[in-house]
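Chains as they are written, first to last, in the UniProt record's numbering: chain U, 1 to 463; chain S, 1 to 463.
Mixed in with the good hints there might be a few duds.
As the list makes no split between identical chains, a pair holds if one copy fits it or if it spans any two.
[Stated by the list, open to error] Under the rule of at most 25 Å between Cα atoms (straight-line distance), these lysine to aspartate or glutamate pairs were calculated in the DMTMM-like manner:
#1 K363 to D74
#2 K363 to D330
#3 K269 to D74
#4 K269 to E221
#5 K461 to E163
Since the hints were derived computationally from the structure, they do not count as laboratory data.
There are 2 protein chains.
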Amino acid sequence: MRHPLTRELHDLLERGRDRQLRLAVTGLSRSGKTAFLTSLVNQLRHAGLEARLDLLPAAREGRLLGARRVAQQDLGVPRFPYDQAMSALDATPPRWPEPTRGISELRLVIRYRPSRRRLLGGETRELTLDLFDYPGEWLLDLPLLGHDYLSWSQAQQPTIGCERAGLFAVWHDAVSTLDPASEVDEARLAEIAEHYAAGLRAAREAGFSDLQPGRFLLPGELAGAPVLQFFPLPGIAEADRDTLAALPAQSLYATLARRFDHYLQHIVKPFYREHFRRFDRQIVLVDVLGALNAGPERFEDLSRALANLMQSFDYGRRSLLSRLFAPRIDRLAIAATKADHVTPEQHARLVGLLEALLAEPLKDLRFADVPVRALSLASIRATEAREVEQRGETLPALRGTTLAGEEVLMFPGEVPNRLPDAAFWARQGFTFTAFRPLPREGGALPHIRLDSALDWLIGDKLT
Amino acid sequence: MRHPLTRELHDLLERGRDRQLRLAVTGLSRSGKTAFLTSLVNQLRHAGLEARLDLLPAAREGRLLGARRVAQQDLGVPRFPYDQAMSALDATPPRWPEPTRGISELRLVIRYRPSRRRLLGGETRELTLDLFDYPGEWLLDLPLLGHDYLSWSQAQQPTIGCERAGLFAVWHDAVSTLDPASEVDEARLAEIAEHYAAGLRAAREAGFSDLQPGRFLLPGELAGAPVLQFFPLPGIAEADRDTLAALPAQSLYATLARRFDHYLQHIVKPFYREHFRRFDRQIVLVDVLGALNAGPERFEDLSRALANLMQSFDYGRRSLLSRLFAPRIDRLAIAATKADHVTPEQHARLVGLLEALLAEPLKDLRFADVPVRALSLASIRATEAREVEQRGETLPALRGTTLAGEEVLMFPGEVPNRLPDAAFWARQGFTFTAFRPLPREGGALPHIRLDSALDWLIGDKLT
Numbered sequence: 001m002r003h004p005l006t007r008e009l010h011d012l013l014e015r016g017r018d019r020q021l022r023l024a025v026t027g028l029s030r031s032g033k034t035a036f037l038t039s040l041v042n043q044l045r046h047a048g049l050e051a052r053l054d055l056l057p058a059a060r061e062g063r064l065l066g067a068r069r070v071a072q073q074d075l076g077v078p079r080f081p082y083d084q085a086m087s088a089l090d091a092t093p094p095r096w097p098e099p100t101r102g103i104s105e106l107r108l109v110i111r112y113r114p115s116r117r118r119l120l121g122g123e124t125r126e127l128t129l130d131l132f133d134y135p136g137e138w139l140l141d142l143p144l145l146g147h148d149y150l151s152w153s154q155a156q157q158p159t160i161g162c163e164r165a166g167l168f169a170v171w172h173d174a175v176s177t178l179d180p181a182s183e184v185d186e187a188r189l190a191e192i193a194e195h196y197a198a199g200l201r202a203a204r205e206a207g208f209s210d211l212q213p214g215r216f217l218l219p220g221e222l223a224g225a226p227v228l229q230f231f232p233l234p235g236i237a238e239a240d241r242d243t244l245a246a247l248p249a250q251s252l253y254a255t256l257a258r259r260f261d262h263y264l265q266h267i268v269k270p271f272y273r274e275h276f277r278r279f280d281r282q283i284v285l286v287d288v289l290g291a292l293n294a295g296p297e298r299f300e301d302l303s304r305a306l307a308n309l310m311q312s313f314d315y316g317r318r319s320l321l322s323r324l325f326a327p328r329i330d331r332l333a334i335a336a337t338k339a340d341h342v343t344p345e346q347h348a349r350l351v352g353l354l355e356a357l358l359a360e361p362l363k364d365l366r367f368a369d370v371p372v373r374a375l376s377l378a379s380i381r382a383t384e385a386r387e388v389e390q391r392g393e394t395l396p397a398l399r400g401t402t403l404a405g406e407e408v409l410m411f412p413g414e415v416p417n418r419l420p421d422a423a424f425w426a427r428q429g430f431t432f433t434a435f436r437p438l439p440r441e442g443g444a445l446p447h448i449r450l451d452s453a454l455d456w457l458i459g460d461k462l463t
Numbered sequence: 001m002r003h004p005l006t007r008e009l010h011d012l013l014e015r016g017r018d019r020q021l022r023l024a025v026t027g028l029s030r031s032g033k034t035a036f037l038t039s040l041v042n043q044l045r046h047a048g049l050e051a052r053l054d055l056l057p058a059a060r061e062g063r064l065l066g067a068r069r070v071a072q073q074d075l076g077v078p079r080f081p082y083d084q085a086m087s088a089l090d091a092t093p094p095r096w097p098e099p100t101r102g103i104s105e106l107r108l109v110i111r112y113r114p115s116r117r118r119l120l121g122g123e124t125r126e127l128t129l130d131l132f133d134y135p136g137e138w139l140l141d142l143p144l145l146g147h148d149y150l151s152w153s154q155a156q157q158p159t160i161g162c163e164r165a166g167l168f169a170v171w172h173d174a175v176s177t178l179d180p181a182s183e184v185d186e187a188r189l190a191e192i193a194e195h196y197a198a199g200l201r202a203a204r205e206a207g208f209s210d211l212q213p214g215r216f217l218l219p220g221e222l223a224g225a226p227v228l229q230f231f232p233l234p235g236i237a238e239a240d241r242d243t244l245a246a247l248p249a250q251s252l253y254a255t256l257a258r259r260f261d262h263y264l265q266h267i268v269k270p271f272y273r274e275h276f277r278r279f280d281r282q283i284v285l286v287d288v289l290g291a292l293n294a295g296p297e298r299f300e301d302l303s304r305a306l307a308n309l310m311q312s313f314d315y316g317r318r319s320l321l322s323r324l325f326a327p328r329i330d331r332l333a334i335a336a337t338k339a340d341h342v343t344p345e346q347h348a349r350l351v352g353l354l355e356a357l358l359a360e361p362l363k364d365l366r367f368a369d370v371p372v373r374a375l376s377l378a379s380i381r382a383t384e385a386r387e388v389e390q391r392g393e394t395l396p397a398l399r400g401t402t403l404a405g406e407e408v409l410m411f412p413g414e415v416p417n418r419l420p421d422a423a424f425w426a427r428q429g430f431t432f433t434a435f436r437p438l439p440r441e442g443g444a445l446p447h448i449r450l451d452s453a454l455d456w457l458i459g460d461k462l463t
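Construct the complete structure from the given sequences, taking the supplied hints into account.
Okay, here's the thing in structure tokens:
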């Protein structure tokens, strides 16, 4: 016979039995973080009623009873603005939610009935799900931890590719006049640092992704602080290490090196220490289609950025991260978002392309034994799939409303299922059109395979 | 032979030799902090050349050689935007600089020759002057440290005065429906907290000053974080203390109390610990004329706000602050700014009014043996004094250009030299007009008695 447990013992056991999960959502800017998190919360709140979550067994079997928001744990982290996002989506016409800046958090309590094989009575159970949303740009700073200022200066080649070089031209002209040994001129340094930050901002505006240091793009309260006023010195080499190290504290070189170190200690490390290493699971969103649309230079740049970003999840025994912070992420998802912006028969190719794009990081992750899954999804559908007849043939098409309000019926093109070659770029075979979200009818937001992502990320906790 | 010293050791030695001084500038918003700091830097940079600093002995005696900006110490604090401020002042037509938000810092090295009696050779000396600028609103939070959530709730009467009450009406209606013992509804709490913050913002817009908690008005990166989502509960009383303390953690009362504590620990205390307690000297700027112009309710409100603010400088042995942080400010100035907005013969009355307004805090400061001086000044002149003939009488007047670009010649009225009484308010004897800054001719900015403030704040270090 089972004995009733005291409340305290019960709580302890719940924790021991994995009743709490910290799930983080990230991606570079415009990858669709806000839409994903909004839809995720929306689906779980409407689970058991309007939400269509057939790929999540607990929902399919009618065991998922719903979710409610409760008070989050960390009072100093902004709450994820779910209500504002829903208001935007429910507006006439529907709008995409405002993107979040920085980190935000939301806590849900999910109610479910255990599956029959684990059922030991008629009672329901609860899973506390802490959701976090943070800029993927922050992860681009991880490689900095493996550098000192000298080696970072050498590793940084912000002028890779001729278009990027153009965006950094003003900075480059200015920095090339500097002598590392000269006494630092504060005002001039601030000016050149601003040229560098302006280059990063222009590069982001132009669709580039591999931008370091990440915090220069979202300075927040540190705008104007010296810790965000440094840049690589292009001319210096490893052979000069001893000479450079001997320069006085007031020299340009020593000043830049001090700021670089401060950035690592006070900006990069605290994020990993206070947030990252506490996440249990992670989904990384990637706007593959946007990059495909933007041409070869940006596509390669995205590939480089993702390789950098994924290093944060490669915590094999010898990785920088596991030596520093011992993170505990035990399951990772990588999702190509905006799948509703191509016709359904292209979805498998989209996953193929995502896997090709991440081939090297995925190899490392599998070698490090990190369970990872790649998928494609649309957090909030913006189109409907249609078929059109053309010269006797039936062709797939999308129907949607553009951001400008125009209703269109179109075929955006074929997604290559491996890395696009010169022939693809020469054809320019793909046209990405941005659509408005579809209006919500009644309860849950329309989506594609968000339930599949949910199954991978939390499904095993709902059995 | 001299050996190079590390920056820290150098700073330590300079401090020991009185060669370093940390001077902080504060004041409520619109009191003229940015103009003061801009002009102070400008005067010191032009000392010995164009600057007119006759009230500063080192300058009058030709011993002040000038100042240059050097790298500041704390890399995580934004640099005071001196160049941007000067660009605004040098624009055509001249504009007032953008107000700063949050804390900023600037380090000057001042070069001077010691006065004859201390001269031991022909050499020059240097004084390192660290300048800090921070919102006076942050000091309004000091009294919170003397409260717990219950006593703060009772002490807060955001609805004092009928006009303020109107601004908080939406919040007041919402909060009166709440039951402290009920389980907290996160979304509803966030909504009511937003009504409270909106009330504070509206009150500031309407010219009120005594607004707590100060960080609600400048949330920065904490926008949307639970730590900025609390408010006083009007209905609770000391007699309920035990009952309230026994409420469960999920109750509304316990949630609000937890956030209040978090605000004290993570927002109020760090400012005092990391910045305030390191300042050597302080000037507090007060826009007395603006308040005089705004009528009795706002004038009384300013008086209350200043009394609160000044508590931060009353570090007699038994004060809250000295128990917590042991600050070391050894000299304090209180300045009525914008003195150029009244005719010169009113300046003495302006100081009289400032002293009357601060009568109680000044008594406490003198009792605590803190050297303090009250003065009136104009950091950057916006008017010229004139005389006009009227019916055979010579009357003082001001000539200036309004913000709208209109040239005027006017007499703004008499400043009362003690607290204005009902008769003054009934007459509404004072009209404050905002003027454009005067264009700079060549070097230094035109000012009134900025040199007098400088003498009190740094003069003794230049002998």
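Going through the hints against the structure:
no.: 1; hint: K363 to D74; in the structure: neither (35 Å within a copy, 43 Å between copies)
no.: 2; hint: K363 to D330; in the structure: within (16 Å within a copy, 64 Å between copies)
no.: 3; hint: K269 to D74; in the structure: both (18 Å within a copy, 18 Å between copies)
no.: 4; hint: K269 to E221; in the structure: both (18 Å within a copy, 18 Å between copies)
no.: 5; hint: K461 to E163; in the structure: neither (47 Å within a copy, 54 Å between copies)
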